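From just these sequences and the hints, can you work out the full model?
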Amino acid sequence: MSPLQQFIEYSIVGIAAGGIYALIALGIILIFKSSRTFNFAMGEMMMLSAYFFYAAAVTFALGPFLGMIVALIGSIIVALVIERVAIRPMLGRPFIAVVMVTFGIGSIIRGIVGMIWGPNDLQIPAILSRSPIMLGEIFVPGKTARAFAIAVVIVVGLIAYLRYSRAGVALRAAAADAVTAYSMGIDVRRIISFTWILAAITGCISGVLMANVNTLTPHLGLVALNVLAVVILGGMNSLGGVLIAGFIIGWLEAITGLFLPTEFREITPYLLALIVLLVRPTGLFGTKEIERI
Amino acid sequence: MAAVLEVKDLEVVYQGVIQALTSLSLTVPEGAIVTLLGANGAGKTTTLKAISGFLPLEDGRVTRGSITIGGQDLLKLAPHQIVRRGIFQVREGRHVFSEMTVEENLIAATFAQRAARSRKEAFDEVYNYFPILSQRRGQAAGYLSGGEQQMLAIGRALVADPEMILLDEPSLGLAPLIVKEIFEIIARINREKGVSMLLVEQNAVIALKYASYGYVIESGRTVLEGTTEKLSADQDIQKFYLGVEAHEAA
Ligand SMILES: Nc1ncnc2c1ncn2[C@@H]1O[C@H](COP(=O)(O)OP(=O)(O)OP(=O)(O)O)[C@@H](O)[C@H]1O
Ligand SMILES: [Mg+2]
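So the sequence lines, in the order shown, correspond to chains A and B. At position 37 of the first sequence the residue is numbered 37 (the working numbering), and the sequence of numbers has no breaks. Every position in the second sequence, counted from 1, becomes a number in the working numbering once 1000 is added.
Keep in mind that the hints were calculated from the coordinates and are not lab data. Wrong hints could be hidden among the right ones.
Claimed, not checked - What follows is a set of in silico ranges between Cβ atoms, one per label pair, in the way DEER data are often shown:
1) B:E1092 / A:F103: 30 to 40 Å
2) A:F103 / B:R1114: 50 to 60 Å
3) A:I116 / B:E1006: 50 to 60 Å
4) B:N1040 / A:V153: 49 to 59 Å
5) B:K1180 / A:Y161: 40 to 50 Å
6) A:I96 / B:G1173: 53 to 63 Å
7) A:Y161 / B:E1030: 35 to 45 Å
8) B:S1134 / A:V153: 33 to 43 Å
9) B:S1134 / A:F103: 27 to 37 Å
10) B:A1039 / A:L225: 48 to 58 Å
11) B:I1132 / A:I96: 42 to 52 Å
12) B:E1092 / A:A149: 48 to 58 Å
Remember, it's a predicted structure, so these values are computed and weren't measured experimentally. Positions of the beta carbon are idealized from the N, C-alpha and C atoms, including for glycine.
Okay, structure coming up:
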């Protein structure tokens, strides 16, 4: 294989992973937009969803389809409980206090999963076909390609929905100015719950996809660390930027693995995020609010 | 059901210690324009926040008194329920959603609608009162002029089709000509749609001109009330709110 071909293949695999990063990042950004809460438990919520899928599809032998539905419902319930019990009472508290709460929730989930399912790798039923896809001479692993396609379709669909629907207007109104949103009859607390539901859905799908591409372990949630770089790069308030930022981080990670020792893979996304933060604090695509008196 | 708004002996405290209203009472009869005058910090906006149920959002609380409309207790309702009950507040400083288009701003207000009315019907009414908004419908609201933003803020109220609009300093920062234009439209909305208005203003000249009844508040309590003719003739009002010197009045 020529170096160029290798470069292209690594790039494609990297960008494909970036599609899932974008899907996870979207959940984080939606919650952040509605309530200025940074949900550090996103990775663990996603990991827990994959275990729900495992329990339903394998342990209770419901198969992949019903398993996915059970996992979605379970994820939504968990998200709503977290929002209601731990996050809502914290509204209006200092940002960092809420962040610590989400950190805590993440550790609790990791602990519970470890207790129930143990530390070992589990195999979940394949929902993605393995057969590779050839783009001319270029070989794209089948699962990776399909996971990417699913993730991108959901990200684009969700962004379009929030762009053009009435619910999307309500979400943006609540995000921009909660009191004024209330004054228009928008129940901001319900909007916040709504974003937790959306995050549960994107997290559940990305968790099952990740567990399919790799394997299922309690460490699955660690990818959320890369997602943090995606969120910073794309800009906290930009839905559209998240996809591009996901591709960039995924690509960067893969390319780093090609040229540098593997340890660097974990560093480069953050180096890039850091540089972007220094040059453009709002991220690549985030905007300052238009101010006019 | 007569939708009379009654505020009685209201006391409001922020953060458990800051007393913003001590004893405020006012009545807005159905179909009337009533004005609430007072110096900076007198408690005008706080009164409107109490009516709309915004106080808990700012760590404020009603500690005494009552607010009712048509006999129904508003203090028990959440902000979004109060709007849907027909009381729409146009907040001080306009608060348009600057990154959303004019039309999206109006869509946001559809959540306040009580009766089903088609979006087209509602928006046509807004564009009829404010033709300039129709031309700007696809533009980000942040790029509108101050006057246009105030029109949009009132336009959102029209979408909701309320019984009563609470207007907090609609003249703030606007040129006299625009202020006049906006007040003419406010008067038209009041006349044509029978919407009652509670109008908070620093600009007492214009408020006394358009309202029929007025209240003057000082440090959180009502100190003077009466028809606007009576208030306009009052010496203290002339001195402190209309900027008329004693010798001019004489
Ligand atoms: N969120 C808040 N927290 C604490 N104190 C507040 C808050 N909002 C208002 N106050 C205080 O309550 C008092 C009344 O304020 P309010 O905004 O009602 O005045 P206002 O009559 O509307 O004044 P202005 O003409 O300047 O708008 C002021 O002393 C103000 O400092
Ligand atoms: Mg005020």
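Going down the list of hints, with the structure as the test:
Taking 30 to 40 Å as the suggested C-beta distance range, the pair E1092 of chain B and F103 of chain A conforms, at roughly 38 Å. F103 of chain A and R1114 of chain B have their C-beta atoms about 43 Å apart, which leaves the hinted 50 to 60 Å range violated. Here the CB-CB span from I116 of chain A to E1006 of chain B is close to 58 Å, well matched to the stated 50 to 60 Å. Between N1040 of chain B and V153 of chain A the C-beta distance comes to about 55 Å, which sits within the given range of 49 to 59 Å.
Distance hint for K1180 of chain B and Y161 of chain A: a CB-CB separation of about 43 Å, consistent with the stated range 40 to 50 Å. Evaluation of the 53 to 63 Å hint for I96 of chain A and G1173 of chain B yields a failure: the beta carbon distance comes to about 36 Å. Between Y161 of chain A and E1030 of chain B the CB atoms are about 42 Å apart, so this pair conforms to the stated range of 35 to 45 Å. For S1134 of chain B and V153 of chain A, the Cβ-Cβ distance of about 37 Å falls inside the hinted range of 33 to 43 Å, so the restraint holds.
Distance hint for S1134 of chain B and F103 of chain A: a CB-CB separation of about 50 Å, inconsistent with the stated range 27 to 37 Å. The beta-carbon spacing between A1039 of chain B and L225 of chain A, approximately 55 Å, falls within the hinted interval of 48 to 58 Å. For the pair I1132 of chain B and I96 of chain A, the beta carbons lie near 45 Å from each other, so the given range of 42 to 52 Å is met. For the pair E1092 of chain B and A149 of chain A, the beta carbons lie near 50 Å from each other, so the given range of 48 to 58 Å is met.
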